[in-house]
Structures are given as C-alpha cells and as structure tokens.
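S.K.: Take a look at the letters that make up each chain.
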Amino acid sequence: MASQEVLREEPSRGSFINDPKVRGIFFQAVVVVVLVAGVWWIAHNVIANLTRLHIASGFGFLKGRAGFDISESAIAYSSDSTYGRAILVGFLNTVIVAIVGIITATIIGFIVGIGRLSQNWLIRKICTVYVEVFRNIPPLLVIFFWYSGVLAVLPAPRDSINLPFGSFLNQRGFYFPRAVWGDGSWLIFVALLVGIAMAWFVARKARQRQMATGQQFPVLWTALALIVGLPLLAYALSGFPLTFDYPKQSTFNLTGGFQVRPEFLSLYLALSCYTAAFIAEIVRAGIRGVSKGQTEAAGALGLRPGSILRLVVVPQAMRIVIPPLTSQYLNLTKNSSLAIAIGYPDLTATAGTVLNQTGQAVEGVVIMMVIYLAISLLTSLVMNWFNAKMALVER
Amino acid sequence: MQEHDMSWVRTEMALAQPAPAGVTGFSAWVRKNLIASAGDTILTIAGIALVALILPQIINWAFINAVWTGPDRTVCATVAQGGVQPDGWTGACWAFVNAKFGQFMLGRYPIEERWRPILVAILFVALLVPMLIPKVPRKGLNAILLFFVLPIVAFILLVGGMFGLPHVETSLWGGLLVTLSLSFVGIAVSLPLGIVLALGRRSRMPIIKTLCVVFIETVRGIPLITVLFFASVMLPLFLPEGVSFDKFLRALIGVSLFSAAYMAEVVRGGLQAIPKGQYEGADSLGLGYWQKMYFIVMPQALKLVIPGIVNTFIGMFKDTSLVIIISMFDLLGIVKQNFSDPNWATAQTARSGLIFAAFVFWLFCFGMSRYSMFTERRLDTGHKR
Amino acid sequence: MKQIAIGILGAATLGLMASAASAGTLDTVKAKGFIQCGVSTGLAGFSAPDDKGDWQGIDADFCRAVAAAVFGDGTKVKFTPLSAKERFTALQSGEIDILSRNTTWTINRDTALGLNFVGVTYYDGQGFMINAKKLPGVNSALQLSGAAVCVQSGTTTELNLADYFKANKMEYNPVVFEKLEEVNAAYDAGRCDVYTTDQSGLYGIRLTLGSPADHVVLPEIISKEPLGPAVRQGDDQWYHIVKWTYFALLQAEELGITKANVDEMKNSASPEIKRVLGQEADTKIGTDLGVSNDWVVNIVKATGNYGEMFERNVGSGSPLKIARGINALWTKGGLQYAPPIR
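Residue numbers (my numbering), protein chains in the order written: chain R, 1 to 395; chain Y, 1001 to 1385; chain U, 2001 to 2342.
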C-alpha cells in the first residue's frame, strides 16, 4: 500500500512535453485557434466582398415576389408567390419524388434480391445481370437514358399512344383520367378511414385470440374486404359521385386529365431502378445472414416455405437489412437532386433559380444545405426508431 | 459360440458406383435448376419469354442494324429524316461514337498536344498493371512511382507551361481524361483524409472528435451537387479579392472532401472491428499512438474494410459525372454536349452515346469491384471474425 | 498558449491586410498579362467555340477589343465559359475581369448584385420561336395559350415570360432547364411547342436545329433586353477602360475607320480622326485613361469597328443574317451613340 502511494506521488518521468494529456490539450487548442482564425478570416472576406461590391445580403429576399413559374407544384403557386414559397414548392417536389421512388425501389429491390437467391437458375442470372448493370453506372446516366434515350423519342402529342382506360403516352408525358369528386364523396373517405380502423382492430383481436387459443383467423381477407368494400358501399350509397376528366387533344397538348411529366417520370424511374440494385444486394446479404439452421428448424416444425420466409427468415433478416436500407433511402433522396440536369423543379433546381434571380449565392446554398441536412437527420431518426423497434428483444 | 458370431468385416473398399441417372447430367441440372416445381416452371417460362423478348432486340439494335462508320448524320437517319437508312430502321449509331471518340476521351485538348495525355495514360497503365498483379516484385518502388512520381509527371505533362510544353488550360480538358484524373486524385486524397477523420472521430480528445463528427455527418447529409454548388458559387466569395481557384481544382476539392467523409465511416467500421486486446497489446509494447496505428491497427482494420473502400471508390468514380452541373465536361458531359451537334442529330444519337458512356463507366466500376473481391480472397488469412 | 493564439491571429490579420490592399483590376490584369473574360457556354453569334476551340462572337470580340486597348494585342484574352448561375459570382469574386455574356442590363443587377454595366453592345428583345410545320396557323404569340414553353432558368427571360402570359391571361406550361444546350435539345426533340429567349439568340439557335427551315420566329417582342458587358463595382479606372473601349468601337464606325484602312487613317487630314487615333501632338487621351495613346488603333486592328464586329458575327457576314435594326448607329436611325472622344 505504502509503496503504491509513493509511486503515485512521483512526478511523471518524461518531460512535460511528453505528457499525452498536455499534448492533447495543446493540440486541441491549436486546432481551435486555427479553426476560429479560419472562420473569422472567411467571414471577414465574405463581408468585405459583399460590402465592396454592394451585394445585398440577409434572408429578406425570401419575402420578395418570385416572378417565375414552376411547372409542377403540389401547392398553389404562381409567379406572384414569394421566393420562400418557390423554395417550399421545390422542397415538396423533392419529398414527392423521394417517397414514390423509395417505395418503388424497395419493391423492385426486394423482388430482385430474393430472385438472386432463387432455386431457379434463369431467374438468378437475370437478377444478377440487373444488379451488376445498374450498380456500376452513374445514376445521372440512368436519368439521361430514360429522358433522352427513351421518353424523348416517344411520339408527339398529335400521335399519342393510346393506352387502356383513356390514358395516353407521348413525349410530353403520361396522361391519365383525373378523378373528379362530386357532392357527397366525403362519405367515401370516411368509409375508407372506418375500414382501415376496423381492419386494424380485427387484426389486433385475431392476434390476441391466436396467442390465447392458437386459433387463426383469416385477417388478410377480412381486412381487404373492409378496406375495399366499405368505400365501395359508400360510393354506391352516395349516388356514384365520382366522375373522370379525360385527357383530350387541343391545339398544342392534351388538356385535362392528369399529366405525369417526362421529367418526373424519368427521374422517378431512374432513381427506382438504380437504388433497387443496391437494395437487392442488401436484401440478399440480409437473407443469407440468417443462419441455415433457422430455416431448417422451421421446416422441421412443419411450416410451409412461404410461412418460413414470412415468419422466420424475414423478421430476422430485417434486423440486418434496416441500417443499410436507411442509408440507401437517404442516398435516393440526395440523388433526387440530380433532377436539375433534366429540369424537374426539385429543391436544388428551384433554390438554384432563386439564387440566380436574387444573386444571393451564400444564402441560397445555405438554405439548400440546411434543408437537405434536416431531411437526412429526420430520416435517420425515423429509421433508428424503426430499427430499435425491430431489434432483437431478449428475454 | 461359434454359431452366434455372425459378424463380418469387409476388408477392402467397395467399388464406387456411378451416381444414379436422375441426379447428374444435363437433364438433372435442368430438373433441379429450372423446373423443380410447378411455380418454378412458370418462373422459368416467364424468364425465357422475357429474355426472348429483349435479347434479340438488343442484339439487333446494337450489332446487326448498327452503323459503325460514317461521315455525318445521314448514315444514322432514315430516308424520311433525311438520311440513307430505309424507313422504320432502328439501330445503334456507333458512327457517332467513332467520329467523336477523340473528344470523348480527351475533350477539347488541343489536337497537336494530345500525345501528352496519351503518354500519361500509357505511363499510368504501365505502373498500375504491375501494382495490381501480386506476383510482380518491388511493390514499394512501384507504389512510390505510381502515387508520388506519376502525379508530378502527369501534372507537368497535362498542364504544361514548363520545359517548353505549351500551357493547356483545364477548361479545355474533358471526357475520360477529366473523369479519370478527378477520380485518381480523389482516391489518392480521400483515403488518407478519410483515415485521419476516422481516427479523429474515435479520438479521446473531445474537440477533435466533435469537429470530425460534425464534418462527417454534415457532408454525408447533403448531396454532392450542393457541395459542387458550394465550390462553384460560394467558395469564390470566401477568398480575398483577386484570389481565385481554378474551376477544375474546385471540383477536385469538392469531390475529395465529399468522398473523404464516406471513407471515414468505412474506415471507422474497420477500426471498431479490431478487438481491444490489439490496442492494449500495442500499448504494452510501448508503441506510440502513430506507431500503434501504423503497425498494428490499420493493417488489420483496412484489410477488413477493403470491400467498403472499393465501394466508396466506385461511388466516387460514378459521382465525377456530376461535374456536368458546374459546366465541366467529363465523359458523360462531353457525350451529352455532342448530342446538340447538328451534324449528328438523329433519333439514335442520344441512345448510342449514352450506352457507350454507360459501357465505359461499367467497365471501370465492374473491374474495380472484381479486383476487390480478388484481393479480399488473397488477403484472407483465415482470421475472419 | 495564449501567445500562440495571438500570434496566429496576428498572422491571419496580416494576411488579410495584404490582400485587402490589393491593386486595381488594370494593374492585376497587366501583371498577369491577359484579361480573363466570362462568356456563355455556347451561343452562336455571341460567344461560342469554333471547331478549333477558339471563341467566336460579338461578346468574345468585345473582350478582344479591351485586350487590344490594354495590351495592344487582341489575343491576350482567356475565356471562361459560365452558366447563367455562375456568371455573377464569377465576376464578383474576381475570377473574371469582364462579364461579356449576353447579359441583360437591369437596375437590380446594377444595385443589388454589385455590377456595373458599361453600355449596350446589342439591343435585343425577347421573342418566341415555334415549329411552323407542326403548328400551322400560329402566327402570333397571342395564340400560344396552353403551349409548353422551353426556357432557360435563372434568366430575365424566365421572368418576362411569366409576366407576358399573365398580362394576356394565357396559360402555359414552363419547361425549364439549367443550360442552353439542354433547352435547345428539348425544343428540338419536341418536348415543348415554343422556345423563348432573346430574339438574336433565337436566330442563332435556329441554325443548330435539325431542320432550321421549319422554325419561325414570331413577330412579338415582349421585353427590352439591352445586352452588354459588365464589370465589378468599385474600380472606376477599369470601368472607364471597358466603357470607352465600347465607345471607341462606335466612334470608329462613325468616322469610317475600319480594320483595313486604319493605318491610312492615321495620316488623315481630319482633326477628329487624328485625335481619336491618338495622332495629335502631345495627346493625353489614352494615357489619362490608363492605356497607350494609340489604343483606338489597336482596338480597330484587333477586331475592326463595331459595325464590322456586328456584320462578322451576327449580321450579313454570318449564318445568322440579323439586320442592324435598332443596333445601327444613331446617324442611321439606330440607338448606338457614343459620346465624343476628346
């Protein structure tokens, strides 16, 4: 005991300079000083440049009249709206293409990923070719391919390709009839909500009953009947209020109906195809990560292959799949900024136009960065929560 | 007793029997892999139908109907479009690629100076190939030549302005030259920078750690386009009056910083996989921090994350195509720029050009990923955890 | 530690001081030996690279004229192709010395963007182009309701377009691209019915389309687009050199001084011509401006006078074949007018 005390009191042997703690503090202090000096220098330069050149600064421009039109907008927007609203429109467009793209990419990705593990040689090879092709070319090229290589060579509006249900396809995009909701159509939405709520309730009850008694209940069919049947019933009761507005030929374009522009279409198709290749690889790794014993044990218990996949393999594979899947979703969202190359008015494009019309580059780029960061952080948070929910709960 | 001893021990091996006819040979392979069940058979038929639908069209378009040489658009246009092909013809216009090949490779690099990038390419291949083949000796010298001498030689040759070589502005560079030089420098910068950032993120010094985390997470949270915008419209305002950067250099900095953040996360994954005992063992030997990292930790960590590193390289190689957004012309950019050439404007031009660019990108990326698999297997010392 | 910090801050400050006290643009330009000129990424007649990669066009030639005034050599120019988005930052940050890139002069750009426009090298107006073969019977912009309109983003064109359709209570579908080539390609492919930009641009673009004869430019002009070169604010000397280079080009045309006859003209009897060409005894016009006294001779030798520049790049000597119109000298009923050089 005594000898240890002595040891502890002894001053460190090396010189002061060799003490890692001191060196650590010194090193960090140097970094801080350099950083502060650097930031100060940049700030000084920016301010000096802006004042020297009499460039306006600050975010006041967001309230100004935008003056330009945007082709696609989820909310009301005209050239009289503010710059701030223009950026909001762009942000919503980014969100729309990201969500639709994520859903499609996930579906294709899961199909191809499972296909690569199929017993069937041909399916396996087709899926492998798909993955190896799309993984190894730039997403921008895929976008251009859809835009210039496929959609641009479709016929002009005059010679549109007629598709079933009054839809048309031409180089201006894909047109389909738009639903026009008449009086009393609110009943249908209410019925839909009620149907979903009831389906959820039935699913809960069925699960409880299965836990207690082991008896199963055809949840899927009941839920489907409720969710589809109730709104249909409401539709009939309220006197068929739904009509369709069909696209028609006019001087320049098809008018009426709902138009999906080629810019959106090619961005959406390209992002889905490209990201799906990565998701397929993640899914494959996830399924292979579930040890074979699990499948065999489930088989020994008498589960059918479909049930093995649904009840044993997929829940375990999901744990491996979710973290990389999250980063793929984020990648897709970030890649949606490539929209600028084909003129889809996403966040980057509209913020870029605003930047250019006002000349306030610093503010424009800062707005872009902050919004993308916020999207990323939000997605990470949601997926982390989902991941925590899916994580192994050990007893 | 004798009667009960019925045991009989065979003393020589039985002759091997051929496998039953049902489990070998072509028909068994087909049965197992294509028509194992009813569902499988349907899938196979659907698959064959898909291939039969697409493959002949592709082959027809890309090879049989394709035009390989020609002076201008007429060879790739139908009679109705003012060309020589029969109406209803569709086929690849490789003549376009053929005519513009020099531009696709080197951009608007002056013709009389083109031997310079070609010489650099030859030197690069001459140094890279022995580097990639494990059996070739003198790896150390080779690495020094490739990563230190070659960049200097390449810089002198490409940029010029000294030793009697005329100066060639980077705004004249283009095509594969830009793609490759951006990626090569990006790779050479982002790996060390990524390692430093990863070490910083795992550092015990709180300020260093925070800075690294903030940098990595910020960069990973925004798209590369925003970074390039930043470099092209915001960076100039950060510098004092009269100081300006070359546009190429700005793109280079943007791409390198961007991939360094991704690289840092990959390397961090490797660092986390190294057991604590390795760090403690190195400490007990009296190694300093950098010695410990250099001799003990990094060799193990980097080996673990080779696939991740190569994936980041591939990602960066593909991302160089985004410099088109800040009006620089990499391979994809120059291909796309040539679509507007009225001499070659046909319905097939865009498709052919894009497929050519896709093929070049694919070749490089696929090559990289295959080589990484090979390296992974070769370095696998059986210590997999 | 504190001392180190102060030391580093001090060093940074010194660095700042050094850069803040930097020289004027003229001195910087003379020191580096060339003028960095911001041009478009390719607009026929204004600034576009030819087959050999040399920049041709009225905007490019204007930069050559400034180089001739400063160095006596019109080749001492380097061109930086800029997108619409990059152009202002590039000038603001000092990356380029002159922005000569078919840029419209507006009050906002003079005040809020920190630019100084030196004059109008080309009076333009925004127009519309349609494919007459596909749209027979359309001969006025007022018939364009419901059309898809191709336009380049971040330009005054985009704003005028919105205003025009709104004022005439017409609907339209904007199809917006970042780069001129992309707009061209989309219009040529039939993605939109109408192409709108400055009329001069429409004529230039028509040449690059698949079948130029099918396309017509509609008669309406919906805006004033005075295009001219711009410099940074806060450097009057450089501003004057660029401005007077432009006036010298006009003056030379007015006095009939051309690339071919400039050497003879030096011995002209006219005192005005002698004065402009710097042949007067003890003249200080050039040196007061900060260039040599024979600056006008150098300019005309390098690019010819304004009229020659115009005809060569956009007028009768070019494939564009645009008439002088309001770009003629004031003496011929146009708007081009130069204050006296005396």
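Check before you lean on any hint, since a few could be wrong.
As the list claims (entries may be wrong) - List of simulated lysine-lysine pairs, DSSO-like, C-alpha gap at most 30 angstroms: (1) U:2169 x U:2133; (2) U:2076 x U:2332; (3) U:2224 x U:2169; (4) U:2284 x U:2321; (5) U:2076 x U:2274; (6) U:2134 x R:63; (7) U:2133 x R:248; (8) R:248 x U:2134; (9) Y:1100 x U:2078; (10) U:2243 x R:63; (11) R:292 x Y:1209; (12) U:2243 x U:2301; (13) R:125 x Y:1032; (14) U:2166 x R:248; (15) R:292 x Y:1100; (16) Y:1209 x R:21; (17) U:2169 x R:248; (18) U:2274 x U:2224; (19) U:2076 x U:2284; (20) U:2032 x U:2284; (21) R:205 x R:63; (22) Y:1032 x R:21.
What the hints assert, rightly or not - Derived DEER-like restraints, expressed as beta-carbon distance ranges: (23) U:2311 x R:260: 46 to 52 angstroms; (24) U:2034 x R:99: 47 to 53 angstroms; (25) U:2219 x Y:1121: 24 to 30 angstroms; (26) U:2316 x R:366: 45 to 51 angstroms; (27) R:65 x Y:1370: 53 to 59 angstroms; (28) R:132 x Y:1121: 24 to 30 angstroms; (29) R:159 x U:2166: 27 to 33 angstroms; (30) R:65 x U:2207: 35 to 41 angstroms; (31) R:304 x Y:1147: 31 to 37 angstroms; (32) U:2034 x R:39: 50 to 56 angstroms; (33) R:39 x U:2331: 57 to 63 angstroms; (34) Y:1307 x R:299: 28 to 34 angstroms.
Stated by the list, open to error - Residues from chain U that keep clear of chain R, each with C-beta distances beyond 10 angstroms, as calculated: (35) 2084; (36) 2155; (37) 2174; (38) 2337; (39) 2339.
Worth flagging that the hints you see were computed from the coordinates, not collected in a lab.
Even glycine gets a Cβ: it sits at the ideal position worked out from N, Cα and C.
S.K.: If a hint holds in the structure, say so; if it doesn't, say that too.
M.R.: Tested hints:
1. U:2169 x U:2133: Holds, at about 26 angstroms.
2. U:2076 x U:2332: 33 angstroms, violated
3. U:2224 x U:2169: 21 angstroms, holds
4. U:2284 x U:2321: The given pair, whose Cα atoms are some 40 angstroms apart, is violated under the 30 angstroms limit.
5. U:2076 x U:2274: Given pair residue 2076 of chain U, residue 2274 of chain U holds - Cα atoms ~26 angstroms apart, limit 30 angstroms.
6. U:2134 x R:63: 41 angstroms, violated
7. U:2133 x R:248: This hinted pair holds, its Cα atoms lying about 22 angstroms apart.
8. R:248 x U:2134: 18 angstroms, holds
9. Y:1100 x U:2078: 25 angstroms, holds
10. U:2243 x R:63: 35 angstroms, violated
11. R:292 x Y:1209: 41 angstroms, violated
12. U:2243 x U:2301: Holds, at roughly 18 angstroms.
13. R:125 x Y:1032: With a Cα-Cα distance of about 15 angstroms, the restraint between residue 125 of chain R and residue 1032 of chain Y holds, given a limit of 30 angstroms.
14. U:2166 x R:248: With a Cα-Cα distance of about 24 angstroms, the restraint between residue 2166 of chain U and residue 248 of chain R holds, given a limit of 30 angstroms.
15. R:292 x Y:1100: With a Cα-Cα distance of about 54 angstroms, the restraint between residue 292 of chain R and residue 1100 of chain Y is violated, given a limit of 30 angstroms.
16. Y:1209 x R:21: 15 angstroms, holds
17. U:2169 x R:248: 22 angstroms, holds
18. U:2274 x U:2224: Roughly 37 angstroms between the alpha carbons, so the hint for residue 2274 of chain U and residue 2224 of chain U is violated.
19. U:2076 x U:2284: 24 angstroms, holds
20. U:2032 x U:2284: 25 angstroms, holds
21. R:205 x R:63: 53 angstroms, violated
22. Y:1032 x R:21: This hinted pair is violated, its Cα atoms lying about 66 angstroms apart.
23. U:2311 x R:260: 46 to 52 angstroms: About 48 angstroms separates the Cβ atoms of residue 2311 of chain U and residue 260 of chain R, which means 46 to 52 angstroms holds.
24. U:2034 x R:99: 47 to 53 angstroms: The hint (47 to 53 angstroms, Cβ to Cβ) holds, given that residue 2034 of chain U and residue 99 of chain R are roughly 51 angstroms apart.
25. U:2219 x Y:1121: 24 to 30 angstroms: 54 angstroms, violated
26. U:2316 x R:366: 45 to 51 angstroms: Taking Cβ atoms as reference, residue 2316 of chain U and residue 366 of chain R lie about 49 angstroms apart, which means the hint holds.
27. R:65 x Y:1370: 53 to 59 angstroms: With Cβ atoms ~56 angstroms apart, the hint holds.
28. R:132 x Y:1121: 24 to 30 angstroms: 26 angstroms, holds
29. R:159 x U:2166: 27 to 33 angstroms: 32 angstroms Cβ-Cβ, so the 27 to 33 angstroms window holds.
30. R:65 x U:2207: 35 to 41 angstroms: For residue 2207 of chain U against residue 65 of chain R, whose Cβ atoms are near 36 angstroms apart, the range 35 to 41 angstroms holds.
31. R:304 x Y:1147: 31 to 37 angstroms: Given a distance of about 57 angstroms, which is not inside 31 to 37 angstroms, the answer is violated.
32. U:2034 x R:39: 50 to 56 angstroms: 34 angstroms, violated
33. R:39 x U:2331: 57 to 63 angstroms: Check passed, 58 angstroms falls within 57 to 63 angstroms.
34. Y:1307 x R:299: 28 to 34 angstroms: At 32 angstroms between Cβs, range holds.
35. 2084: Check fails; 6 angstroms does not lie beyond 10 angstroms.
36. 2155: 8 angstroms, violated
37. 2174: 5 angstroms, violated
38. 2337: 28 angstroms, holds
39. 2339: At roughly 25 angstroms from the nearest Cβ of chain R, residue 2339 of chain U sits farther out than 10 angstroms, so the non-interface label holds.
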